[in-house]
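Chains C and H are the protein sequences, given in the same order.
Sequential numbering of the first sequence, starting at 1, is according to the working numbering.
Sequential numbering of the second sequence, starting at 237, is according to the working numbering.
Careful: at least some of the hints might be erroneous.
[Unchecked claim] Sample of chain C residues at the chain H side, in silico, Cβ under 10 Å:
#1 Arg-67
#2 Leu-93
#3 Phe-105
#4 Glu-119
#5 Leu-123
#6 Tyr-131
#7 Tyr-200
Think of the hints as simulated: they come from the structure by calculation, not from any bench.
The structure displayed is predicted, hence computed values, not measured ones.
Built from N, CA and C at the ideal position, the CB exists for glycine as well.
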Amino acid sequence: MALLTCRDLSLGYEGREIVSGLNFKVDPGDYLCIVGENGSGKSTLMKTILGLQAPIGGRILTGDGLRQNEIGYLPQQTVVQKDFPASVWEIVLSGCGNRTGLRPFYNREEKRTARENIEKMELTPLSKRCYRELSGGQQQRVLLARALCAARKMILLDEPVSGLDPKVTAEMYGLIERLNKQEGMTVIMISHDIAAAVKYADHILHIGREVFFGTKEEYLNSAYARVFLKDGETDG
Amino acid sequence: MAEIFEKLSLYLQYPFVRYALIVGVLIALCSSLFGVTLVLKRFSFIGDGLSHVAFGAIAVAAVAGLTNEMPLVLVITTASAVLLLRTGQNTRIKGDAAVAMISVAALAIGYLLMNLFSKSSNLSGDVCSTLFGSTSILTLTKTEVWICAVLSVLVVAVFLFFYNKIFSVTFDESFARATGTKAGLYNLLIAVVIAVIIVLAMNLVGSLLISALVIFPALSAMRVFKSFKAVTVCSAAFSVVCALLGILISILAGTPVGSTIVAADIAGFLIFFVIGSVKGGIKR
Numbered sequence: 001m002a003l004l005t006c007r008d009l010s011l012g013y014e015g016r017e018i019v020s021g022l023n024f025k026v027d028p029g030d031y032l033c034i035v036g037e038n039g040s041g042k043s044t045l046m047k048t049i050l051g052l053q054a055p056i057g058g059r060i061l062t063g064d065g066l067r068q069n070e071i072g073y074l075p076q077q078t079v080v081q082k083d084f085p086a087s088v089w090e091i092v093l094s095g096c097g098n099r100t101g102l103r104p105f106y107n108r109e110e111k112r113t114a115r116e117n118i119e120k121m122e123l124t125p126l127s128k129r130c131y132r133e134l135s136g137g138q139q140q141r142v143l144l145a146r147a148l149c150a151a152r153k154m155i156l157l158d159e160p161v162s163g164l165d166p167k168v169t170a171e172m173y174g175l176i177e178r179l180n181k182q183e184g185m186t187v188i189m190i191s192h193d194i195a196a197a198v199k200y201a202d203h204i205l206h207i208g209r210e211v212f213f214g215t216k217e218e219y220l221n222s223a224y225a226r227v228f229l230k231d232g233e234t235d236g
Numbered sequence: 237m238a239e240i241f242e243k244l245s246l247y248l249q250y251p252f253v254r255y256a257l258i259v260g261v262l263i264a265l266c267s268s269l270f271g272v273t274l275v276l277k278r279f280s281f282i283g284d285g286l287s288h289v290a291f292g293a294i295a296v297a298a299v300a301g302l303t304n305e306m307p308l309v310l311v312i313t314t315a316s317a318v319l320l321l322r323t324g325q326n327t328r329i330k331g332d333a334a335v336a337m338i339s340v341a342a343l344a345i346g347y348l349l350m351n352l353f354s355k356s357s358n359l360s361g362d363v364c365s366t367l368f369g370s371t372s373i374l375t376l377t378k379t380e381v382w383i384c385a386v387l388s389v390l391v392v393a394v395f396l397f398f399y400n401k402i403f404s405v406t407f408d409e410s411f412a413r414a415t416g417t418k419a420g421l422y423n424l425l426i427a428v429v430i431a432v433i434i435v436l437a438m439n440l441v442g443s444l445l446i447s448a449l450v451i452f453p454a455l456s457a458m459r460v461f462k463s464f465k466a467v468t469v470c471s472a473a474f475s476v477v478c479a480l481l482g483i484l485i486s487i488l489a490g491t492p493v494g495s496t497i498v499a500a501d502i503a504g505f506l507i508f509f510v511i512g513s514v515k516g517g518i519k520r
């Protein structure tokens, strides 16, 4: 059974529809990239999947016993976080917050999870450092480690490489690929970088005036993708 | 020097002086703990707005002729806190304007009511002490001291119990919400607690100066420390020390308690600012 199925989903704010007729499904272990122009509703779709916002129409079905507190989320950075005084350790550990319930403190197992994810993101030497002193790439890795603490089956990434230089971007994609291939983590990622989307993902959801959903190969063969890919290249 | 100690020990023999010190320290502790969250969530202005609402509420209580005004003020301020937080969530600018509107409206109505219905012969004195704190918190009644003490202990307990949740909600609300933490509930909790703190702090520094008690400790600690825990602990210590110093100085020098405490906070902030710059605590 699919982890996540969207049927005839339409999204928008305050009754104003941004995108409609979304049909797609995500199976365990999939790597889905959501692409499309600015304002096409990519972030809205992610918020809807996460339950932060109600859809205007259609349904989202979760399967395999996927629960809200088993999804990890890497949001875009907010202004608040830029000068936030917190150590890497504190931030990553806060990813376990959805497991504690009413228990006020983290237990040993949650601390171990945090330590493992810090290790996995190659942040161990930085774990005592202050978040606001880290570079953009390091900060993204901290937030990814936190998302992994929350994620047991699926992780949603909202433009994880925006604002990073090419070298750090490649490292970030490498880390995400490793999570997907080696640990079987289901990945859903919003991306502007269509070349990378095609390179790493196995499924593509293209939203905009026309909606496309299918495997990477099907996408590459569609005429619409070729136009969009060419646009992407001229953009930079 | 010996003279000062003599004078102090003389004052400290009176139980009401000791009560005042205890209450002052407890209030300073509460306000600084939640101050960190408030500053980081960009809610400093909500604290300021609420204190004006509390002023309006006191005026209403005075007009209604209540002997113990605290419960009514507490209810009105809490309700406004919940209301303000609700509007603040949708859009930033709307929330901003709402706070400004409510705070000046409460101030104006409060003063108007006091003017129209006050039976007191010393109206401007009354207004002044509500705005800037009584000339001394030594005039607190025993009931007020007890309410203060119980509420402060509750606030500290709430903070300790929900420390990790408060951190999550402060650092990244959408992440917390997306991963199944009830962020709305914790925001509500924070709003209610802040309202309680403000009502408590009115006794100490008066409604216009409350923000200082909330903001200065947090900002000072943030100049120097780099983890949330260290900032919280430091801000609590900073606030308690400044409150103690402020109260003691005001007893000795006969200055108004509220503004002396705030002056101590300002001095402390300057010291921490220098330390932070030397250490390079904040890189810009």
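Checklist entry - Does the interface hint hold: is C/Leu-93 within less than 10 Å of chain H, judged Cβ to Cβ? => result Check passed: Cβ of C/Leu-93 comes within 8 Å of chain H, closer than 10 Å.
Item to check | Supplied contact hint for C/Arg-67, tested at 10 Å Cβ to chain H | outcome: holds, 8 Å
Item to check | Status of the C/Phe-105 interface restraint (C-beta, 10 Å, chain H) | outcome: holds, 7 Å
Item to check | Satisfaction of the C/Glu-119 interface hint, Cβ to chain H closer than 10 Å | outcome: violated, 20 Å
Checklist entry - Hey, does the C/Leu-123 contact hint survive, CB to chain H under 10 Å? => result violated, 15 Å
Checklist entry - Regarding the hint that C/Tyr-200 lies at the interface with chain H, is the smallest CB-CB distance below 10 Å? => result violated, 23 Å
Next on the checklist: Hint validation: C/Tyr-131 versus chain H, beta carbon distance must be below 10 Å. Holds or violated?
Outcome noted: Hint on C/Tyr-131: holds, closest Cβ of chain H at ~8 Å, below 10 Å.
Going down the numbered hints, you'll see the structure goes against 4, 5 and 7, while the others check out.
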